[in-house]
Amino acid sequence: VTGRARTVALLAAGSVLAAGAVHTRLGFEAYGTADLVTVFFLNGAGSAVVAAWIAYDRRPFPLLAGLGVSLTSLLAFALSRVGDGVLGFRATGLDPAPEAAITLATEVLATGFLLAALAARRTELRALLGGLHSPLGRAHRRRP
Amino acid sequence: MFVIRHVIGAAAAGLLAASVAGLLAADDGARLDRSGPADVIVAGFAYGPASLRVPAGTAVTWTNEDGAAHTVDAPAGSGPRSGSIASGEAYRFEFAEPGSYEYFCAFHPSMKGVVEVTG
Chain L
1 VTGRARTVAL LAAGSVLAAG AVHTRLGFEA YGTADLVTVF FLNGAGSAVV
51 AAWIAYDRRP FPLLAGLGVS LTSLLAFALS RVGDGVLGFR ATGLDPAPEA
101 AITLATEVLA TGFLLAALAA RRTELRALLG GLHSPLGRAH RRRP
Chain U
1 MFVIRHVIGA AAAGLLAASV AGLLAADDGA RLDRSGPADV IVAGFAYGPA
51 SLRVPAGTAV TWTNEDGAAH TVDAPAGSGP RSGSIASGEA YRFEFAEPGS
101 YEYFCAFHPS MKGVVEVTG
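Heads up: the sequence lines are chains L and U, in that order.
Taking our numbering, the leading residue of the first sequence gets 1, the next gets one more, and so forth.
Taking our numbering, the leading residue of the second sequence gets 1, the next gets one more, and so forth.
Worth flagging that the hints you see were computed from the coordinates, not collected in a lab.
Watch out, some of these pointers could steer you wrong.
[Claimed, not checked] Chain L stretches covered by chain U per the calculated footprint, using a threshold of three residues with CB under 8 Å from any CB of chain U:
{"no.": "1", "region": "13-19"}
{"no.": "2", "region": "44-51"}
{"no.": "3", "region": "93-105"}
[Stated by the list, open to error] Selected chain L positions facing chain U (in silico; Cβ < 10 Å):
{"no.": "4", "residue": "7"}
{"no.": "5", "residue": "10"}
{"no.": "6", "residue": "24"}
{"no.": "7", "residue": "25"}
{"no.": "8", "residue": "26"}
{"no.": "9", "residue": "27"}
{"no.": "10", "residue": "29"}
{"no.": "11", "residue": "31"}
{"no.": "12", "residue": "40"}
{"no.": "13", "residue": "41"}
{"no.": "14", "residue": "54"}
{"no.": "15", "residue": "55"}
{"no.": "16", "residue": "72"}
{"no.": "17", "residue": "77"}
{"no.": "18", "residue": "80"}
{"no.": "19", "residue": "123"}
None of the values given here were measured: they were computed from a predicted structure.
Yeah, the Cβ is synthetic: ideal placement off N, Cα and C, and Gly gets one too.
Work the whole structure out from these sequences, hints included.
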């Protein structure tokens, strides 16, 4: 793992952590329904675990977990603003301000950093996902 | 890099502890069901306290400390119907009859509260 890839991974960890902190703060402010408040705290706890995992484990697994947390949060953010909302909760635009904007920015940043970190380890990731058995993997293996 | 890793680890430990504490408080219901004085602060897109118990004849005041406008609307019946309460403004409603009065914000339906009026 290069120093640059490691830096990107740590930036991703920091972004995941920041997004989780905002969700935990919203939980303490009792923002939303009781179910949503519980999910906010679960998101905060999950983000803390994943951020620490990314910081201490150099394998691609924690980056994939982080991507799962960030994409799920972005999906929930979008769902809360259309139709009946999510978990009995519906919000509009970037309310509550500034928490919604901060969460959105940190989740987008985290997703970008995580994808960049995963791209930097694509060979390792391809092997992990069984890519060596794919045509692309076989072509890669034939190279001297 | 070594220091940054430990800073992230320490911050993650703090966040994990805070989130677990919040989960436990939410399970107790202590944070979401409070009783107190006959004043409600509207802040952080929530009514605080969300649950209030007052004797009949009490006037409750909702003060909007959020940047956004909110309302205090009972779904039906003789409960409060504030209309829009701008940032920094307040709304007062006297509960004459005993009963349970649920209310919500018409702009942000996730914001809910209840006033229990005793005889």
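**OP:** Check each numbered hint from earlier against the structure, then list the numbers of those it violates in ascending order.
**Re:** 16, 17, 19
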